Amino acid sequence: MTDDKDVLRDVWFGRIPTCFTLYQDEITEREAEPYYLLLPRVSYLTLVTDKVKKHFQKVMRQEDISEIWFEYEGTPLKWHYPIGLLFDLLAASSALPWNIIVHFKSFPEKDLLHCPSKDAIEAHFMSCIKEADALKHKSQVINEMQKKDHKQLWMGLQNDRFDQFWAINRKLMEYPAEENGFRYIPFRIYQMTTERPFIQKLFRPVAADGQLQTLGDLLREVCPSAVAPEDGGKKNQVMIHGIEPMLETPLQWLSEHLSYPDNFLHISIIPQPTD
Amino acid sequence: MPTSVLWAVDLFGRVYTLSTAGQYWELCKDAQLEFKRVSAATQCCWGIACDNQVYLYMCASDVSIRCREEAYENQRWNPMGGFCEKLLPSDRWPWSDVSGLQHRPLDGVALPSPHWEWESDWYVDENFGGEPTEKGGWTYAIDFPATYTRDKKWNSCVRRRKWIRYRRYKSRDAWAKIPSKDDLKDLPDPFSDLSVGGWEITEEPVGRLSVWAVSLQGKVWYREDVSHPNPEGSSWSLVDTPGEAVQISCGPHDLLWVTLWEGQALVREGINRNNPKGSSWSVVEPPGSENGIMHVSAGVSVVWAVTKDRKVWFRRGVNSHNPCGTSWIEMVGEMTMVNVGLNDQVWGISSEERAVYFRQGVTPSELSGKTWKAIVAGRESDRSHSGSSSSLLSAGCFFGDEVKGGSESAPSDTDAASESERPGPERSAPEEPLDNSRDPKGSSAVGPETGGTAECASETFCPDAGGREAAQASVGSERPLPASTAAELPWTNIDLKEPRKAPSHSATGFAETMGLSSLGLFPLGLDEPYAADDHPLWAWVSGGGCAVEAGSVLKWFSVQSGLSPSVQTLSLSISPAQTAAWRKQIFQQLTERTKRELENFRHYEQAVEQSVWVKTGSLQWWCDWKPHKWVDVRVALEQFTGHDGARDSILFIYYVVHEEKKYFHVFLNEVTALVPVLNEAKHSFALYTPERTRQRWPVRLAATTEQDMNDWLALLSLSCCESRKIRGRPSPQSIWSVTCKGDIFVSEPSPDLEAQDHLLPCDQMFWRQMGGHLRVVEANSRGVVWGIGYDHTAWVYTGGYGGGCVQGLASSTSNIYTQSDVKSICIYENQRWNPVTGYTSRGLPTDRYMWSDATGLQECTKASTKPPSLQWTWVSDWYVDFSVPGGTDQEGWQYASDFPASYHGYKTMKDFVRRRCWARKCKLVTNGPWLEVAPIALGDVSIIPESPEGPDSDDRGHNIALWAVSDKGDVLCRLGVSELNPVGSSWLHIGTDQPFASVSIGACYQVWAVARDGSAFYRGSVSPSQPAGDCWYHIPSPPKQRLMQVSVGQTSVYALDENGNLWYRGGVTPSYPQGSSWEHVSNNVRRVSVGPLDQVWVIANKVQGTHGLSRGTVCRRTGVQPREPKGQGWDYGIGGGWDHISVRANATRASRSMSQEQKAHGPVSC
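Line by line, the protein sequences give chains L and P.
Numbered continuously in the UniProt record's numbering, the first sequence closes out at residue 275.
Numbered continuously in the UniProt record's numbering, the second sequence closes out at residue 1166.
If you are wondering where the hints come from, they were derived from the structure by calculation, not from laboratory data.
Heads up, a few of these hints could be off.
[To be verified] Calculated cross-link-like contacts (lysine to aspartate or glutamate; reagent style DMTMM-like; alpha-carbon spacing at most 25 angstroms):
1) P:584 / L:149
2) P:584 / L:248
3) L:5 / P:889
4) P:555 / L:248
5) L:151 / P:706
6) L:148 / P:638
7) P:682 / P:624
8) P:370 / L:209
9) P:555 / L:6
10) L:148 / P:711
11) L:5 / P:638
12) P:923 / L:178
13) P:862 / P:889
14) L:54 / P:609
15) L:148 / P:648
16) P:152 / P:73
17) L:51 / P:599
18) L:78 / P:605
19) P:921 / P:549
20) L:130 / L:163
21) P:555 / L:163
It should be emphasised that the depicted structure is a prediction, and the values quoted were computed from it without experimental measurement.
So that you can see chain P by itself, here it is in the shape it has in the complex (with noise of 0.2 angstroms):
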């Protein structure tokens, strides 16, 4: 769980965060300027500041946002001069963009705003559509335009060459004003209101954001492409309103809702990918017709409402079908306002104390959550009171008279809300004097006047502090409820009786500070303001980029003394309470009982006999012949004790055919693998042996249960390791892989694996599970072991062992955290075109279903389609997957001449058939040895493989190189990872002209990647003292081959393409890195791993067993030696859905001189 922010503004305008992992307001890094409002995105904060101006905040990020501008140059051939800036006066600029109409000089191109930088200057690219040209970067035509080609023909008679240039945003962690300087005549009037929203309309790489605002004048303003690469937008752009808006709240998604001054809501209609502006407006009435609505907030599916005499409110039935909902639902608690931000979770700040509230126990299935509580963390700054009071002092003054000033002026402001309803009728008399006593706050001439007030609207206020029977007083005489809401009162019922306590439970604890602060602060005689200060009052609260999920801890409600709040950060160094001295003395102490007690006295009899222990049950066995279904078995497992203490344990499987009982057994220190089988219909795992691998036909049994089955795995497992003597911590050395499934295992390699005679076939290797779901893992020799999930989440190993289905006591207790992960369940809608009514999905008999899997032979629709196994739940609707290769039209659909056939994103004459993607996110939460890097997701990552006899093999806090792709195709490198310190420190990124898949990094760094054109590169003078290297080297890729992945040992370079095929890089040589040319190993390959031995593993697509094929297979390349390094054959191993294997943490070898042989013969010396 990556920690985020949430983002509050307090009544003097000053900025703060909150994170969910921490427990103080920390004042915004950027404090120069005060606030009105924010809003929050995860990465950015938009703000109205006192100055009515708009700002942004880009929180810092190790990936910078980068934007290339490009120009052309070209030329024609004259006879005179040959190639020349001369054109003829028809043709285009010499200076020009792509399009060849635009003039484009270098020197005219210019920066958009004061908050973008250059990163380099202008330079000539030399890539032409994943082929590198000559020197130069020429493409030659016959004429513009025309089709370009690297090569100079006879009849070239144009030539154009493409100049490059980046450049950055720089305005990071700090408030950066957006020009308006293009908007004034369009703006008359300052903003009062702004939301930022909409970011999940539209998926990655577009990441557009909707930014819209309110004018004091009551108009609705739009941020023209506000992106994830342009953060700051282009201009504001105005969308009409049936009335005057005075508040505006923009959902994740595709909700928009606005205040209007007469009390409705207006709800935007027909936002979607194409159309984020909207279509539409419908008007929503408030829920009573004396309070109209003062504040709305939107998130995904739910919509909350303050109305003017202070009222909470939910949307009933919000969706994006249906955006208006259906009802409202009256809550408790009084606010000024209400922010929903991520996973509809909700904050408010209450009106009397001005404290920010979260809602408790918000679910996907409860969105209106069940009770307010209080944040109380305190400020950092209250921890550290010192000169800085008089200055705070002044600044409180000031601000108070701008709020109130804000208020007069612009009838939008909530305080001005609550002002201009102070005339209204029914307010109680108690809360008079307090809302007296609260808004001057601000101003120092109140003095203890005010506090006397204080104490006694306290008193009432928190009357649970004091007594049930002036609660229950001032709760009924409040609640006099309008007859419309009466229609809701089962609801209400509900979230009354409740309430009552559950603010006690938060009041109580404000109350006390109050009095503490009333006690400390008179008889000091110190200033009100200061007062004020010691407490924050809130003014506004944003949870747009504050992630809280259900279950998570936070530690918000409850203030802590002492402990300093930056020790937040994720650290993998041993936690304080494992160095603990009570614990040392524990272990020490039973040592030393043992010795005492035993060491003398081994001679003496036990008095309890080991015997055999057996364990029955009844699971379901996958029968070995046709027709193959699930049986009724009976088993046990015996386990015996050895003298010597070791465990033995054999499984009998009792089964009946034709009436005649009949049984098989597994020894257990047989078996390499128990793999958990999870799928909606059975819990069932399946067991290996060599055999069973060599047959590709594993044993499989089912159990009835989940957690009978989790039994049976965590017994069964705990047996294997036992007769294997396996325990603990794997060894650094420690071969990973990884199955379709997400499961992650771990063998420890013997000596003889990489042996050059006498290996050990891996089919015998031993396979353990370890907890987590990760798509992708590398490790080192080093113990420096990462992960990454299928949402592209980085991890890294902490060190534990267990977790997941391995629970008890085959795991460890510590460093085993809560691990989730996101994958999308694709279906496809597919339809054929027909004369009469165009595309329907009516489909010719022969086709296939209409709403299918991608292959088109499995029925799929989105009732019957769930999730891939009971671990998983759904986490969103069914969603068009724009992003499927090929490309799609505006409504996602893909065309082809006929089923199946290559798709593409428009129509032709010729396309009778087209479909697309339907995608729906799912979710699993499980755990495992593994911490969360955040926040840059990652698409590939590789770790620098070393031997252990290494020459710094002392020194655990030597700098291991750690390269790694992101999600986003940026190339980063890791700076600060040691055996210490596997997470490291931050990340450097390195420029590329486009979006990288993989990279890999050779035990003499030789950092070799792939881009997603399917080129290879080098990067050049990568070295410990220079880590990111300094330029990129073209390599073309095979002929006619896209390359997806490589993968780089001590020296061999070998790459993967889109079709299967493995290649070796030959003619690799010191002084030549690059090598010369890409020699063809084999096909049939998934993915490889080339470790520091330049050992070759791969996983192979399908592999042909006696029993069975399977995909997905482990498999050894025989025959790598130093002198070939190609080897010659495979051996298969363990296999059935494998997915991926790192070797290249193991440097054992299996003897010395080998090694040494090797070293001298390398083609590479390190």
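In isolation and in its complexed conformation, chain L is listed as follows (with noise of 0.2 angstroms):
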């Protein structure tokens, strides 16, 4: 019998073959062969790219080089997402490995955040953990670790350390015995469709009947479009890590197991694939 706990192993070695090209316009003083590497789904295109800005570096002049940022079919990758989710919202169902194009000049302002050094994504990644744990446990549990701890989890994600990451993260999926779960679900609804960058309410992860609520019962309350699609033809997938959960799926479940390290369940919702 398969054990849950490999689903956290699965869902942490989850890796995406990518193919970084650099972009045409870009001026280089030789020709920059294209650079392959696996990216980890859980962590920061900013936090595990230093190979290929070195790679692309080495074929610039030093004056062209400005801040790096990364661009798929037109559109600019925002780091601050986790890997895993860009691809299921951008290129789920497109060819592997995953062409992204590397830009190192005309950064756009507007759609994409800057991020001048490592403790930038590791502020964000903390505070996305805090808030995370203010919907679970009222922030109890991340306001007990000490300074440490803290650091661990962050250490573990930029080394890719799962057993770093998860000997402090289990501490942050426990819940009350006599409760059936979190308080709130921290999760996120993205959808490409809509100007809105994501969807995020309060939700229980069971239902004042003693009912746990499931990925289903998530989405008919707070995005009914993503399930019941108004022009009825179109159909979408509901997607996290690169699979689709049954709707069935119990929530409480699905954000233990299947939460990005930043412990928020991110959810995209896309296209089904017209072939």
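Relying on the hints, combine the two individually framed chains into one complex.
What follows is the structure, given as structure tokens:
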């Protein structure tokens, strides 16, 4: 029998094969070879692309280099979204490897946040974790932790150390035995079709009658268009970590097992591929 | 947490039970009778039926209540006919009791009541003090009365033999009428109230129950001799009271409160072990002079009362030493009655809607609890309304009358009490119509009118549902407190504030259902009694058998729909959640995703390079050299990942000696065990390697907090498991062991562990900890594992792993459950006799401490003795332990000529010292992969050893033999145990003539057992088709030794005696499985386990290593071969506090050929 613990490993060790290509208009001293890399789904673009940066900087003049940014099929990639989410949202149905264009010029100020250093990623990551724990435990768990525990969470993500990360993260996934789950489920629902970046609301894992809420319950409540498209014909995929969990899946279980390291369930609603 | 039940009686006299695991009231199995009152204990329930007779309901159990009848046949020798029945005129009766004074012919021994049946016919006892007698069972003496011997001598003039017959209590799961024939003249009037309790005054095996009753005339009666073996008791005896009693309540321990007609309470003083009836009464005045006490209920250290104005009161300061308590505190709510159950939990029946309420938040530190919460569980019958409604209706009419009639004649009845005080002064207006509407609900005459009032009543009475002002007004109007209670105001206020909200919680739920019923019913024009039936109206509740603990989750408070309540039974089959389609889909899709996204791209570079990870911290280390002490150290755990993904780690320990920095290191792939060592002072753990095991000197490290220690332990054990690639559930062949702290360890056997040559030294075995707390764990190779806790609770292994202090990734998410255990801590009070004052606590200067441990070397006072570690909490007060070996006098003293000596339970002229044992129970709550097997507590368990290549190895459903001995000494055989259902279905009780201590079943169904008197027994004809066998064969124990434990492997039979000697049973052959003699193998043994390969493993008492001595060490017998089953020597493994081992699951043979050889040459072939 497969164990739930294996799900955590599978989620953590999810990788997206990626091909980085330098943007055609970038000025180079010699031809830039594409660069191939396995990106961890749970990490952040700017956290794991030092190698990419070095690779392309070699062929460029120093004065042409400013802040690196990435783009896929014309869409600038937000570094503060987990890689897996970006892929699911934008490229789930495209062929692998994932073709990302690397830019060093004309930073799209209105679309992207600057990422001056790793500290910015850490700050963003920790604020997500804190927000998630505020929803789950009224911040009690995260506030009881020591500074070094916080550091261990971050270092675990940065160094891709599953054990290191989960040694601490498991405490964030616990809940009192007398409850049937967290206070609220930290989730964000993303749709490419809408202007809003994402939907985030308060939603409890257990209904008033004691029944466990499911993924379907959540979607029907906060994003009804995802499950029952108004124009009839177009169906949507509900994707987390590149898989489509059944709508009957209990939300609490999903939150415990399919959350990203920032402790949020990042759910992508994407149109069903037409083929 | 075993399930237990709450008992209740509705207004129609029907008795219902509500399980702590259930969500429906279930009608009592024997529903023929209607009852007025019930009073429950864990195993039984007493009740007063509407025929005013007392009935007893014994819950069914797999272990029968059996009682031995004995008679002696006496004979005298005469020269003519040898031994014959002709006795001298001065002699005793030819058939007599043991004293010879009473005539006792076999056919004159009658069953005491119709609720008993004979188990078998009379037979002769051939066991004489642990030794078998000659056939016929005669014992000889010179004359009556004298000392009897087994052997006939030249001067044996008389002989006698004992005849035995067992009777069995048969009225289980049924109301048995308590015969009242003896009491006719003493019992002029029927009983109106009754209460059972007092089971904590005496411990097993006495198991006495106090049953108290009040008659209509106001007299108090005590039922004599009620105990587990005699559930009905013998007769009623009158206990004089200073006033006319109306109601009585007996707590589980020594509290007994009675309410008087005049409104005071009587409290019984002087109840104790030797005097369960108590000695005198004290009077407790009611909280206010105008409203007397109507109802009381006593717990272990609480008393709750209801006064005539339906107010609820809590008595402060009640305990054994001060049974009267100090003062009354008013609580919120209006009740007709309250009942205190186990753990001082409280239930009540509200005076208005007649619902059962549970007091939430009652804990040992907050005995008054927090809020009342309504139990809205429906009745099972409600869910299957059909043709039965008409019969219910008529029953309703009948009983409606009955209750009313009874209340007129019996003023003690609660309904009557309410009736009688109706003319009383201060009744607020809106209550009046409600009372009227409710009371006659039983009679169908009222019709829709009642509905109308009920509806309006529900508005006024559940005001929080409607509006807050109304609530304030109504509560306010009812609260002009009498001056006398003003003193208690701070308390009352606290309690007052909350309940305004709290009942709103429950009341809203109730109001909704009320609304529904009125909406649903009246348009349909259904009769009123039917409506009443829809929402049970309760008359009485009893929680004396209902164990609710803080933190237990009850499903009583929400109306559940759809699910069947009977699916509460413990099941170890895979839970639905795990087989759910959504879960499968996630597993499957993740696998597909990995394949899709990774398979063709493995040659890509990883974005993040694996690096060495170091965790550092500060710990303390018990240094290896003298003087041994804790020194501060820095530790660092370095983890590397090899290219193959394998993980390896090194633990560095940096210390400073003579201002010089030094370090040593441990490779985690060499660590063989990590053992938490919790005591009150330190959070420490021991780390063993093979070398450290040989030295008997583990690395001991301590952390400042328990959390810190657990983090390190979790990390280190995960690293150990990773470096050995051990993950998930232990294999079915695993070897299990338990330390003296109750920690459970499991080891995967390698194939060369039982090899003939090149065998793996057992100090190299890796032991992984499992969550939970046990004293005994036994396994077999099918993966069936059972454990027994210190409190004798039986547990079955769920297939999970981790739990306890093994948290996080090393623990499975499912199959981990809460587990608790209780053990007693004992200290001794020692006294010396002197000619002036007798025994005093003034000893000689050379004497031991006057309060000490068992050895006398350590001072242990009541105040200074703490629970063993911070995980344990006290759950009782100190009490005298009367069950110590050797017996005690009435006050628990044991006498001896001097310390230290052997003690006896009576005083002689030569006894200058005495001692008594004080015990205090403490409890631990942890979790682990274990589920309780309720309700029978066990002393020993044994599962048949099987080889995995057995004939039925594909048949996961085939039955696995499992034998056990209950804590009372009953021998039990578990039915229905299989690989798929390791918990089995039920117990089969195997009759014995005396209590047993140990049992073991061998691979060929040889069942051996050891009785408490130290003799061994072999059970004949046990087979898969006859799982219980046919009869016991008495096997004498080794000379002058009392056996303690037995273990049977494939063919070998080993036994252990009280002095640590290990014995091998010689001469065992297929035709003579009992064998011929005991052969001594070794001393210094504490526990033995013989496995399916006839391998012999023991726990040795003491083993000396190069650095230190360890007590309780795992050892394997070396050189055990088919032709030399006794082996040659010992191989020493992990040790230092090990208490138990089971190798009975390990059937891993080194090679196939050898196993065949073994089969061919074994003395017994299957």
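Exercise. Does residue 923 of chain P pair with residue 178 of chain L here, judged by a C-alpha cut-off of 25 angstroms?
Worked result: Holds, at roughly 20 angstroms.
Problem set entry | 25 angstroms limit on alpha-carbon distance, applied to hinted pair residue 148 of chain L and residue 648 of chain P | Measuring from Cα to Cα gives roughly 24 angstroms; hence the hint holds.
Exercise. Given the hinted pair residue 5 of chain L and residue 638 of chain P, is their alpha-carbon gap at most 25 angstroms?
Worked result: 24 angstroms, holds
Exercise. Hey, residue 555 of chain P versus residue 163 of chain L, does the alpha-carbon distance stay inside 25 angstroms?
Worked result: 37 angstroms, violated
Exercise. Regarding the pair residue 130 of chain L and residue 163 of chain L, is the alpha-carbon distance no greater than 25 angstroms?
Worked result: Since the Cα atoms of residue 130 of chain L and residue 163 of chain L sit roughly 20 angstroms apart, the hinted pair holds (cutoff 25 angstroms).
For this session: With a cut-off of 25 angstroms on the C-alpha distance, tell me whether residue 921 of chain P and residue 549 of chain P pass.
Result: Roughly 16 angstroms between the alpha carbons, so the hint for residue 921 of chain P and residue 549 of chain P holds.
Exercise. Does the alpha-carbon distance linking residue 584 of chain P and residue 248 of chain L stay inside the 25 angstroms limit?
Worked result: Holds, at roughly 12 angstroms.
Exercise. Taking only the CA atoms, is the gap from residue 555 of chain P to residue 248 of chain L under or equal to 25 angstroms?
Worked result: The given pair, whose Cα atoms are some 23 angstroms apart, holds under the 25 angstroms limit.
Problem set entry | Distance restraint between residue 54 of chain L and residue 609 of chain P, which requires alpha-carbon spacing of 25 angstroms or less | Holds, at roughly 15 angstroms.
Problem set entry | Pairwise hint evaluation, residue 73 of chain P against residue 152 of chain P, where the allowed Cα distance is 25 angstroms at most | 16 angstroms, holds
Problem set entry | Given pair status - residue 889 of chain P, residue 5 of chain L, alpha carbons within 25 angstroms | 58 angstroms, violated
Exercise. If you draw a straight line from the CA of residue 682 of chain P to the CA of residue 624 of chain P, is it 25 angstroms or shorter?
Worked result: Measuring from Cα to Cα gives roughly 18 angstroms; hence the hint holds.
Consistency note: the structure conflicts with the earlier hints numbered 1, 3, 9 and 21.
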